[in-house]
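S.K.: All letters in the sequence shown, in the order written, are residues 1 to 664 by UniProt numbering.
Don't take every hint at face value.
Here are the computed distance ranges between Cβ atoms for each label pair [as the list claims (entries may be wrong)]:
| hint | residue 1 | residue 2 | range |
| --- | --- | --- | --- |
| 1 | Arg242 | Gly476 | 18 to 26 Å |
| 2 | Pro108 | Arg537 | 44 to 52 Å |
| 3 | Ala166 | Glu190 | 44 to 52 Å |
| 4 | Ala540 | Gln379 | 27 to 35 Å |
| 5 | Glu74 | Pro41 | 23 to 31 Å |
Think of the hints as simulated: they come from the structure by calculation, not from any bench. By construction, the Cβ of each residue, glycine as well, lies at the ideal position given by its N, Cα and C atoms.
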Amino acid sequence: MISLVTGQDVQRVRDEVARGGKAAEIRQALRRRAERLVRRPGVVARDEPAGWWHVVSQRLCDVAFAHRLSEAEEEPEEAEAYGRWLRTEVLAICDRPADDWIGPDFRPRTSPSLGTLETAHIGLAVAEAVSLCPDLFTAGEHDRIRRVLRDNCQAPCRRALDLRVADPCNWFMVLLDGYGTVSAFLGDAEAVARTVERHAVAAGAFEEDSYGESLQYWSYAGAHLAHLREVLLRHDPSLHERLDLSCYTRCVPWAVHSLLYVKPLAGWGEGRYPRSLNFGDSSALFRPSADLLLHIAARARHSHPREAGLARWLFDVTYHDVALEPLDGGGFGFFNQVQWRSLTLLPDAAGPVTPEEAKEPTTRGFACGTVAIRDTWPQALTVLGVQGGTGRLRTAIHRHADEASFILSHRGERFFADPGHCCYRLTTQAVSSTSAMHNTWTFRLPDATTLWQHTRPRGPGHPPLNRRVLLEQDGGLTVVRCDAAAAYGPPIRRAERTWIAVLPHVVVVADRIEADEPVAVDTHFVLNDRDGALRTRSTAEGAMAFRRGGSAVTLTRCAGDARYELLRSWGYMHDVYDPRPNRRGQGREGSAEIHTFAGAGHETRHTALYAIVMDTEPGITAWQVTARPDGCHVTGPGGTALAVSLTETGIAVEGVTDATINLW
Numbered sequence: 001m002i003s004l005v006t007g008q009d010v011q012r013v014r015d016e017v018a019r020g021g022k023a024a025e026i027r028q029a030l031r032r033r034a035e036r037l038v039r040r041p042g043v044v045a046r047d048e049p050a051g052w053w054h055v056v057s058q059r060l061c062d063v064a065f066a067h068r069l070s071e072a073e074e075e076p077e078e079a080e081a082y083g084r085w086l087r088t089e090v091l092a093i094c095d096r097p098a099d100d101w102i103g104p105d106f107r108p109r110t111s112p113s114l115g116t117l118e119t120a121h122i123g124l125a126v127a128e129a130v131s132l133c134p135d136l137f138t139a140g141e142h143d144r145i146r147r148v149l150r151d152n153c154q155a156p157c158r159r160a161l162d163l164r165v166a167d168p169c170n171w172f173m174v175l176l177d178g179y180g181t182v183s184a185f186l187g188d189a190e191a192v193a194r195t196v197e198r199h200a201v202a203a204g205a206f207e208e209d210s211y212g213e214s215l216q217y218w219s220y221a222g223a224h225l226a227h228l229r230e231v232l233l234r235h236d237p238s239l240h241e242r243l244d245l246s247c248y249t250r251c252v253p254w255a256v257h258s259l260l261y262v263k264p265l266a267g268w269g270e271g272r273y274p275r276s277l278n279f280g281d282s283s284a285l286f287r288p289s290a291d292l293l294l295h296i297a298a299r300a301r302h303s304h305p306r307e308a309g310l311a312r313w314l315f316d317v318t319y320h321d322v323a324l325e326p327l328d329g330g331g332f333g334f335f336n337q338v339q340w341r342s343l344t345l346l347p348d349a350a351g352p353v354t355p356e357e358a359k360e361p362t363t364r365g366f367a368c369g370t371v372a373i374r375d376t377w378p379q380a381l382t383v384l385g386v387q388g389g390t391g392r393l394r395t396a397i398h399r400h401a402d403e404a405s406f407i408l409s410h411r412g413e414r415f416f417a418d419p420g421h422c423c424y425r426l427t428t429q430a431v432s433s434t435s436a437m438h439n440t441w442t443f444r445l446p447d448a449t450t451l452w453q454h455t456r457p458r459g460p461g462h463p464p465l466n467r468r469v470l471l472e473q474d475g476g477l478t479v480v481r482c483d484a485a486a487a488y489g490p491p492i493r494r495a496e497r498t499w500i501a502v503l504p505h506v507v508v509v510a511d512r513i514e515a516d517e518p519v520a521v522d523t524h525f526v527l528n529d530r531d532g533a534l535r536t537r538s539t540a541e542g543a544m545a546f547r548r549g550g551s552a553v554t555l556t557r558c559a560g561d562a563r564y565e566l567l568r569s570w571g572y573m574h575d576v577y578d579p580r581p582n583r584r585g586q587g588r589e590g591s592a593e594i595h596t597f598a599g600a601g602h603e604t605r606h607t608a609l610y611a612i613v614m615d616t617e618p619g620i621t622a623w624q625v626t627a628r629p630d631g632c633h634v635t636g637p638g639g640t641a642l643a644v645s646l647t648e649t650g651i652a653v654e655g656v657t658d659a660t661i662n663l664w
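Produce the complete structure using the sequences and hints provided.
M.R.: Rendered as structure tokens:
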């Protein structure tokens, strides 16, 4: 059996807690969680909505580490209560039938069984809890625990890994963590060697600066690889050079650039919640795994000092409150929480490095497709995130039909937003992931067929559905262009969108569509109304004003070569993911307001230009957008002026910097 925590480790934690600060806050949060658990029997209470599979790893380990600390702190009554509860629950889990280890009824059952995420999490929970508190169990009980872990976790996870090795996504990494951790617990040298080999396969699924699934799944996958690395090095320190940590470490700037702001959210109490760019299956309420951030800050501080410092900065910003609800989703990454390993990593963590100190640019594109643009660090007035095109991704599940879409926040308000994700078994999730629910296009053929974006097939290396054509920054002007024609297929030959950003106040969107047969273009703009606070007003033909939270945005269609009808429909804004339906965080129908410029005719060529202006509610009245047949002229306070024109050869920009942006 491996020793995950030594007496020296426990003493270092106690010393750090005694100094106060964040360590004391984490210790208190863990203590409160553990105390609440041991007041009643069971991993979950009978009236509790959480599925036991999804909370077991966090809850067993909360109590196990609380037991270790209580013993060290000479609190015999607390230690005894923790130990009694933990021993009872571990043995009860080992008494469950093997089928229970496969997870909820929506997981497929096979013979022989194949491991699932839940299988891995249960195995991790039992192995880690017993490793932390081995003295709670008799020799006979240890034999029984080992047998159950071998039969119900190690073997099913290996079978599942064998089937997934050609498509290493987050499932592969979680299964590998379960398999490898249990193998180290069992002292199975052959299985540990196999784990090390497959760790390299998992590391190869990350892009050079991001991860192809989504931001949330980077955190989930990366946290499990980081956990596995910690376990394997406890088992055999000589493996240090063979267990790559750069794969998830180099993604930290992506998470930093994706952070929008931290503030309260209606319906979630007074706590200040972080929001992030949430393309694909990723929650708007998002902070990366605390264990992952502190693992990077501690273990990569010499090899990757910049990323380590940024990870610590991101931890400090997003975990200012370590007890934000929901508390029961941290194990599966639904909403991440501090866990016991956060406390052990904190003493070794690098000091924070702000994005400014790291010399992060205000505009940066990433291999996964995200381009993040902001007016300044660290607290931007405006952040624009776009799905701006990729190369061949190494893994690509959990993506939406959101190519050429964008998210735009101003003064701490998400205006143009992404729906996020909810229970995957709901029609709501299927609808939420379509291109009609994102800030992009759908097309209609003359026979009334709607042409939707499709998403990438499973597996690595497929041709990109969206190509980044241009990313340039010149002073206060940033230009991004992509072509998402491949996301639609024939007859669409070109689906090109250009964002011209002069932040914090102006974004101009220019579209050019070319098709081999006539199509009608429907251009969707999705506005956030999750809390009913959005106020919408049509100000003129093709012009709208939106207000929420003291900020205001105007959207004006300024130029175009086709007739259109302005339609309104409704969609979804989800806060945070839950694998069960009808749970807190799932958006109501109507929580997104969708405005569609629907083409009234079918053409083989389509161009259009949309001007977006942002300011405070009083300040927006000082801005004026003048539509022209070929473009727009935007004027603002103090004589601010920007003119954008569509020409036969490109897009002409006058004002901030006079330029013709590339050729069509």
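S.K.: Take the hints in turn and mark each one as holding or not.
M.R.: Right, here's what the structure says about each hint:
no.: 1; hint: Arg242 with Gly476: 18 to 26 Å; verdict: violated, 47 Å
no.: 2; hint: Pro108 with Arg537: 44 to 52 Å; verdict: holds, 50 Å
no.: 3; hint: Ala166 with Glu190: 44 to 52 Å; verdict: violated, 22 Å
no.: 4; hint: Ala540 with Gln379: 27 to 35 Å; verdict: holds, 34 Å
no.: 5; hint: Glu74 with Pro41: 23 to 31 Å; verdict: holds, 26 Å
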